[in-house]
Structures are given as C-alpha cells and as structure tokens.
Amino acid sequence: MTAEVAPAVSGTVSTEIVLEADGLTKHFPVRAALSREKKAVRAVENVSLRLRRGSVTALVGESGSGKSTVARLLAQLYPLTSGEIRLHGEPVAVQRGWGRGRRFRAYCRRVQMIFQDPFASLNPVHTIRYHLTRALSIHGNRGDDLEKSLADLLSRVHLTPADRYLDRYPHELSGGQRQRVAIARALAASPEVLLADEPVSMLDVSIRLGVLNLLRDLKERLHLSILYITHDIASARYFADETVVMYAGQVVEGGDSETVTQRPAHPYTQLLIESAPDPDRPAVEEKDGGAGEPPSLIDPPAGCRFHPRCPFAMDVCRTELPPRFELGDGHFAACWLYREDAS
Amino acid sequence: MKERILEVRGLNVDYGAGPGSVRAVRDVDLTLHRGEVLGLAGESGSGKSTLAYGMTRLLPPPGVVASGEVLYHLQDGTTVDLLRIRDAELRRLRWSEIAIVFQGAINSLNPVQRISTQLVDVIKAHSPKTSPRARQDRARELLELVGIAADRLHSYPHQLSGGMRQRVMIAMALALDPRVVVMDEPTTALDVVVQRQILRTLVDLRERLGFSVVFITHDLSLLVEFSDRIAIMYAGQVVEEAASADLYRSPLHPYSDGLLRSFPALKGEKRELTGIPGSPPDLRSMPAGCAFHPRCPRALDVCGDRVPLLGQSRDGRSVACWLHPVAVG
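As given, the protein sequences belong to chains A and B, one line each in that order.
In terms of the UniProt record's numbering, the first sequence opens at residue 1 and continues consecutively.
In terms of the UniProt record's numbering, the second sequence opens at residue 1 and continues consecutively.
Hints are not guaranteed to be accurate.
Below, a list of computed lysine to any residue pairs in the SDA-like style, where the Cα atoms sit at most 25 Å apart [unchecked claim]:
#, chain 1, residue 1, chain 2, residue 2
1, B, K267, A, R216
2, B, K267, A, L327
3, B, K267, A, S63
4, B, K270, A, A120
5, B, K267, A, N213
Bear in mind the hints are in silico, worked out from the structure with no lab data behind them.
Keep in mind that this is a model prediction, so the values were computed, not measured.
One chain only, chain B, in its complex shape (with noise of 0.2 Å):
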C-alpha cells in the first residue's frame, strides 16, 4: 500500500446555516497517496469544487464546513488536521504543501502586471528569504518546466494564449515544490489538442517531482485516462470510488455506468446511448434514501427509503449502493 499523504473524513459542507442551509458535501471520505492521480469527476452542482475549497479552507462564505476532518501528513511524520490548525499554521502550508490551480486560468491572473512579478510574488510572499536574482531564476526555471520559452517571462496576461496561461498557472502552482496539487476543471475552457498537451505535460511533471494531484472535472472520459483513482460524485456524496481502469470496465454505481454511457466513443462499433433520464436533484428538496434513485434504472424498493453507505468491498473498491450492500454499518 501506499503512503498516505491527504486524508479527507467524514466532511459535510453546508452553504448557509440555520434552517435555509444546504448542504453541498455530506459525509465524503477520500484518501490521497503519495504521487498519485485522484479525479474527482461529477456534474456541475454535485460538489466537487465545494469538496476541493472545503478541505482546503479555502471555502467563501456563506459556505462552511460543518463536520468532519481533513489529515495531511507533514513529511517528518507527524499528522495535521487542516481543518483545526491556526491561521499562521495553514499559512505555512499553503502552496508549499498544498497548492490549487483556480479553474479559469483567464480570470486567476492579474491582468495589468506582467507574468514574472505574479511569479515572483509568490515565492517572495511564502519564502522571503530569498534573494531577487535567485526569485527571477526560480521563475524563469518554472517556465521553462510547464514549456514556455523563459523569454516570454515579461508577458502581459493578454499576450499570452489560454493555453499558454493554464501553463503559467501550473508554474505558479508548483512555485514551492508542493506535495500535494489541487487542480478544479484546469482544462475545461481549452480545446483538446491543448488540453492534452497541458495533461501529458502535467503527468510528465508529476513523474519528475511526485506530487500527487486531485484533479477535478467533468469529463470522465479524460479521467479514465489520465488519473490512477476516480471518486464519482452525485448530489455532495462520493457515489463510488475504484482505480481507474476498475471503474472504466465494470462501474459499479448505476450512476458511474450512465455517465460512463453518456459518451459518445470514437472507435469501435457505434451505439445507441441514452445518457441518464432526469436531471440531478435540488439540493434543497433532496429525496429521501439514495439521492439517485429517481433516475436509477435498477432501483430497489429499500433505495427509496435508506441512505446506501459508502462500504468498502474485498477488492479494495467502494461503492455506495443498495445493489452492492458491503460491509454496511
């Protein structure tokens, strides 16, 4: 087994508090290891950035995190729980431990300085001890990781591709030499010929420095391909969780089938696919039981009425359904 290095248990986000609130995540447990590739795949409002900013505590109000407790593993062996630390604490661990790529890499940078300054700002802001020249060295290197000429070190924002700026993002990520890369949709606004080139350069990177990364997004497709584990979410709960190719050829969920059905493919013999009828649930009036079962084509009678618990089964799989009941309790 591997080691461990980011531990999510038993996390509930709400938005807002008292009667109105909604909670966006209940009860997710995720576990990262070291050097690994975690997708965390879902539709749009199933919780996933939410889950991302949650356990990063990163969330803006009005969304909190109720419960639960996020365990990060310092490399000198000792466990923190990022959700309880102090503020000076977390501060030291942010981007040098942990650090995020922002979805929209046109909105994350400032447009009115150049790319070299928002580089150095940050390894001036989390590593002041550094000299100027040794900062701009430290950028120019950055750069040339992520496959950008370092001549381009002086750009404006605008004079960059999108491409180009999802890259400068990556760098900006890796300043301090993370452990641990949070990335929300990194490639969701790019095309895919430079969508892959961003991910193989990416997967490149992360044989080169091992640090792990939760990737999330929506595109199953691209994480089956890419990520070593897959969490599926639906409605703020991790529906299934199973190495990639475990998922891809036999999901479990009805709900990872749909999606994995929803794709059109580009080889092979051509199907009809259907995609999964309804839509997802309001998370104000959620059904009782399993949040899916209104568009479950195999719903049982029990799924109407009680929550299926994510249990773990002998492979080393997790699912939560009523038609897999493992290890429930």
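The following block holds chain A by itself, in its conformation from the complex (with noise of 0.2 Å):
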C-alpha cells in the first residue's frame, strides 16, 4: 500500500500568479441560412481564472461546456470576444495590431499547450527528433550542444535512453509515449504555464496516471503552472491544487479541490459527483434529478443557465444571472442558494 499524499504539499505553493483571465467571453458567430439575423454562440462567458506558479488548476465540465476554448482563449488561439488575459499582471493582446506574429511567438514561448490527441498533434511523417529539434530552434533554445538539449528534453517525460526514442516516427510510439513526446515539445519552449487540454483521456487507462504523474512532477521541479483540462472530476481531485467547474459556458463554482470535490456547493457540481462511477455506492440508490440536458449556447435559458435542470431553482434564478458568492478560504460558488450569508 501507498503513503497517503498530501495535494502537492499545500504549503509550499506559492500565490504568485503566472497568468490571470478576467472577464473572459468568446461568442462564435452563426450564420443562419436564408436569415439576416445575427446569432452567435456564447461558448464562453465572463469566465475569470487564476493560474499560480507551481500550481495545478484543474477546469472541469462537460463536453460543450467551453472548457476547451478556454483554454484556446488562453492560448491566443482566438480573439478575445471581450475581457483581458494578463500574464504576471501584464495585459496581452497579441491578435491585434502591429508586430502581431513576434508578440504572439514571445507570448507561445511562455505558454505552451498540449492538446488531447497525441495521434494527430504529432506530424505522422517526421521523427521526433524533427518535432522536438524544430520547438527548440524556434523558442531559441537549441543551447550549444542539440543532443544534449534532446536528450535533456526525453529524459524529463522519462523517455530513456533517448536515442531509443529519438530516430523513431510517432506511429512506432504507445500513446502515452506519444504524449509524452508532446509534453517534451512544449517543455522545449521552457514556458510558465502549460495548458493541458483533456492531456489523458484519449490514453489507455492503465497508462493514463503515468501521464499525469509526470506532469505532476514536472510541475514541482519546473515550478510550472498547469491548467488541467477534464471532464473527468474525480481525476481533478487526484491532480489538480484547485479545481473550477463549468457549465455552458460560465464558472459555476471554484476553490480548492478538496473542497470542491467533498463539499461540492453548486447544484451543478453536485449532480457532476453524483453521477462519477463510484464502485463504492451502494447498490440501489435513486436520486432522481439531473434530468435534462445542457442547454443551446445560441440561446441560453436567462438566469442561471442550469436552472432548467436544478432541483433548487427559485424565481430569482429564472431571471437574474447568480454572481459569484464567497464561502470561505477562497471557496465560491455561483448561485442564488449562497446569496444571504455563507456560514
């Protein structure tokens, strides 16, 4: 049997933040046919994040619910609809105006992503030595001697010996080998921050808590931060220092993983555990709720957008949009339910 582990020794994370996110919105635009009429998608809408130095942050939500183009927005993958990404307090925009391209290199160099499927984020015709030669020439880091920079590289995703990996082609690779090469490539960068795009759930269960594992450990020695994409929350509370919930394209509820895994307080968050397999639950449990599904981001329902589906919802809910409610040690959830006082 295993030590228990402390969640990434608490005491040593700093609260230095790396990158902030404030306000962000993304709406995508529709165009309808035979219509003049204007529409969009709000995928994403005034979400605020904070990713601290040496410090995981884990963004859970289900599929549509804008978590993936978060972390795009983040990348500067696409343009801002409205609000402000801000890296060590620094406003950046780097898809506006003169000078984008070197801007947009110089900000990659400091965040770097890594993408879910390590079966088409590698080029099928290039070894891995190209992939991983091609991120150091470009972030400027190729240093004085290439093989050592590569072998330093695969040995820090525990790649070894590395010419053993170096002359292959990602289809000779395991996918969680292949996912590794991605993590050297981005680590080739030696940026800040990583944002790691559901990094596991295309990987084989088995080998899926290597990878994470590993980004764990680099975390620790590189003093990276990390955004750590999932739906999977339960993998939040093995991985993440603090975790924040999603839902159709807003922040529902956020705070340290353990608080927000044990003492979920949005009635989203709630459902999200109580739906988790759980080879523990007793055998015959109904609770019903969590009918429905989530809503059409072209038309979000006014409100709260998960009050069609909540056990709880009120009047208020149908009509006013929840701010963010403080429950304490940096615990907040956005709902009409913690409005009064949050004891």
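Both chains are given apart, each in its own frame, so use the hints to dock them into the complex.
As structure tokens, this is what we get:
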C-alpha cells in the first residue's frame, strides 16, 4: 500500500499569479441560412481564472461547456470577444495590431499548450528528433549541444535512453509515449504555463496515471503552472490543487480541489459528482435529478443557465444571473442559494 | 445456478491469414447467464470488441474466427452453435434473439432518414407480417421505453442530442424483444451525467424485460457499479472473471489490480496512484509466457516461460495467473 499523499504539498505552493484571465468572453458567430439575423454561440461568458506558479488548476465540465475554448483563448489561438488576459499582471493582446506575429511567438514561449489527441498532434511523416529540434530552434533554446538538449528533454518526460526514441516516427510509439513527446515538445520552449486540454482522455486507462504523475512531477521541479482541462472530476481531485467547474460557458464553482469535490456547493457540481462512476456506491441508490441536458448556447436560458435542470431553482434563478458568492477559503459558487450568508 | 443463455468456448479470432496473421482473441471462454449484465473490460486493443463481433459473426474481413464455438440456448431448450449454423438460420436469430448496440450512436443512425423510418424498418425487416399501423405503434412504444417523448419520433438524428441518439440505438436494439443485448462502449462518447441517465434506463429495462447484457467498456469503475460479473481482457485473453463485488474487493490478477488502482477515487482518503508501468504488448510480437509479465510487478520466473491458463478456483472465480495456480490442465 502506498502512503497518503498530501495534495501537492500545499504549504510550498506559492501564491504568485502567473496567468490571469478576467471576464473572458467568446462568441462564435453563426450564419443562419436565409436569415439576416445575427446569431452567436455564446461559448464562453465572463470566465475569470487564475493560474499560480507551481500549481495545477483543473477546469472541469461536460463537453460543450466551453472548457477547451477557454484554453484556446488563454493560448491566444482565438481573439477574445471581450475580457482581458494578463501574464504577470501585464495585459496581453497579441491578436491585434502591428507586430502580431512576434508578440504571439513571445507569448507562446511562455504559455504552451498540450492537446488531447497525441495521434493527431504529432506529424506522422517526421521523427521525434524533428519535432523536438524544431521546437527548440523556434524558441531559441537550441543551446550549444543540440544532442544534449534533446536528451535532456526526453529524460524530463522519462523517455530514456533518448537515442531509442529520437529517430522513431510517431506511429512506432504507444499513445502514452506519444503524449510524453508532445509534453517534451511543449517543454522545449521552457514555458511558465502549460495549458493541457484533456491530456489523458485519449490514453488507455492503465497509462493515464503515468502521464498525470509526470505532469505533477514537472510542475514541482520546474515550478510550472498548469491548467488541467478534464471532464473527469475524480482526476481533478487527484491531480489539481484548485478546481474550477464550468457549465454552459460559465464558471459555476471554484476553490480548493478537496473542498470542491468533498463539499460541492453548486447544484451542478453536486450532480456531476453524483454521476461519476463510484464502485463504492450502495447498489440501489435512486436520487432523481439531473434530468435534461445542457442548454443551447445560441439561445441560453435567462438567469442562471442551470436553472431548467436545477432541483433547487427559485424565481430569482429564472431571471437574474447569479454572481459569485464567496464561501470562505477561496471557495466560491455562482448560485443564488448562497445569497444571504455563506456560513 | 442461473440458466445459461450464451456460452463461448475456446474462441480464437485472427486478423488476416497465413504467416502475417495476428491473433486478436485467444482461447476465450465466457458464459452469459439469463438476466445478467456481464461486463467485458479491457484497454484498447485488448480484443474486447473483436470478441463481441467474432461471437456474433459480424466481424468484417480481414477478421476470421479461427476456432471455437458459441453456443446459444434457445427458449425451446435446443442449443445452436452460432458459428456453424446456416446464414438463413442466423438471420432469424439476429436482432430477435441477439441484438447489438454499436459504439458511437452518431455514426450508427442514418442521417438522412427519420428516427421513425429507421425504427419501423427494423421491425419490418425482421417480422414482415406486422401491419404498418402496428409497427408505428411499436416504434412509439419503444421510444417511450427509453425515455424519449413520442413526439420526437419523426425527428432526424441531427435534431437529437448525443444522449438521445444513444437512447434511440438502445430502443432499436430492443425492438424485437431480444434475450441478449451486446453493447459495445455504448456510453463512451457521452458525458458522465448523461451516461448515468442512460445506464439507469438500461438497468431498469433489464429488470422489466429480463434480457441479458454483454457490456463492453474500458471504464472498469463503471462496470463495478453496473454489472453483475466482470471479465477482464488483456492482449486478447480473458485474464480474470469474477462477480463485480469480488473483483472490486479482491482482484486476483495483477492486471486487474493495476486497473482498479488506475482510477482516482472521489471519496475517501487520497492515495498515490501509479497506474501500470509500460504499455500493452504488440499483438504481432507477443511476449513468451504470460502476456502481462513484462509489466507485472509480481512476475515469477515461470511467467516468462509458460502461458497461465484460465482456471476456476474453489469460489467460482477464474483467473489466469501463476500466482494463483488453480486447476491447471
């Protein structure tokens, strides 16, 4: 049996904020046939997030909740509709104006992204050496000894000996090894922030934890701040220091991972946790609730977007959008249930 | 002991023929009892889907069933071997006795036909004597069975959400009151909340209609909760088979143990989890002896030489591992 693990040694986690998103909003215009009406998918609405140095923040939500869009906004792959992204307190806007390319590249050097599908994110006609060399050169980290830099990168992701992997093609590696290469490529830029969009959901169950443990290890050694996007709230509890829950493009709850998973405040988080497979659950447990499905983001419900499915919905929920209510210790929920006092 | 309904004996499935062939399923024995949910768990490439398609004779080329038998016990007490009966006879059994829900409902429904047409078509093809009116009514009834309002009957697949499409697939599988339903990763593409709703519907229907389910998934934690018995596959072999609760409480095979330790828990104390080091073997160059031994933390000398057989132990559990050498031979 293995010993109990403290959640990433919370004492040593610094509070320095590396990347901060404030009021992030993204609308994707949709063209309706035969209609002049302008419509938009409100994919992300007023999302605020903070990524701290040496800490993992999980962004949990169902598919379509906008979590991947948030990652792409943070990576500056899409222009913002409104809101602001700040790196070390400095507003960044690389998508507009002169010198866009240079600014974007400078930003990439500090904020790197890891994609979900390691089968698609590596070029099948190039070797691992090519992938890593290119990343090193582009970001000016080639160093004096390229071979040594390559070996260093691969050893960081535990692919050793390096020469066994460098001249292989992606199809010769397993899914877990490919994802490690993708992580190594991201590290080639020596970034401060990793945006990991479902980094393990395409991998086999038995190797997922290996990759998660690797990311955690990198976070501790390199003091990275990691945004871990997932639909699996149990892995957020395992891996992340803080957890933020999204529903239909909005943040509904956030706080320390242990608090959010053990004492979920928002009815949606509660539903998510009740729905997660749990072998320890008593066999017959019928708690009805959670019927229905996430709303259309073209025409989302007024007020709280969760109210049509919420078992506790009140009148105010149908008309007014709940603000964040603080519940103490950085735990917050955007739900009218916590309006008066949050004791 | 419950009545047996489907028995797989010594099934071997190859991809390709001759020297370049790959054995994707080896020597699989499985028994499905009446009214039970049998979970088939394994990672991608472990042969779980191949097994399901092989035993229902749906395997597309180059897949070939090399040997083995699949005994199906009909309601009138006779037994047929699905791998040897004539095509016409098999066609009579398909869907009315054994139905399949394929992976990915999005791809399994015809996008240019209404749900009603597709449901009615199934009934028409397999029981042509029914009247159009009766077929329509049956289609309506089926949708209600899986929790979709009957007014969605004339919708096109793209007008339904992923969860509803999956429900339509289940409704379609149940159209002819089959006794066995094989489900290949029916909820993988769905969110946890929708997944739970659908599984709840399924469990409820099984109690009402009394069919048996072969449930294929890679998510072991889901199976522990929803199935009666679980068979775990690794590299084409069943390495352990046990009642869900037993498997969860005391897995015998190190691979099952590793799998169970690969899921972070939502409740209880937080443990360091390691997963299983290494990755599944390449079926073209399988290791000698036990296929799992290169990754096994408890491998013995014998594991590298001889293949452990799936033996039944005293308490009705089966495991193929030299750590538990029961009834070898």
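* Taken at face value, is the distance from the CA of S63/A to the CA of K267/B at most 25 Å? -> Holds - the C-alpha atoms of S63/A and K267/B are around 24 Å apart, at most 25 Å.
- Would you mind confirming whether the straight-line C-alpha gap from K267/B to L327/A stays at or under 25 Å? Holds, at roughly 21 Å.
Review point. CA of K267/B to CA of R216/A, is that 25 Å or under?
Key: 21 Å, holds
Legend entry - Pair hint K270/B and A120/A, alpha-carbon separation not exceeding 25 Å: Measuring from Cα to Cα gives roughly 33 Å; hence the hint is violated.
> Under the criterion that the straight-line Cα-Cα distance not exceed 25 Å, is the pair K267/B, N213/A satisfied?
Replying inline: 20 Å, holds
Hint compliance for this structure: hint 4 is the single one not met.
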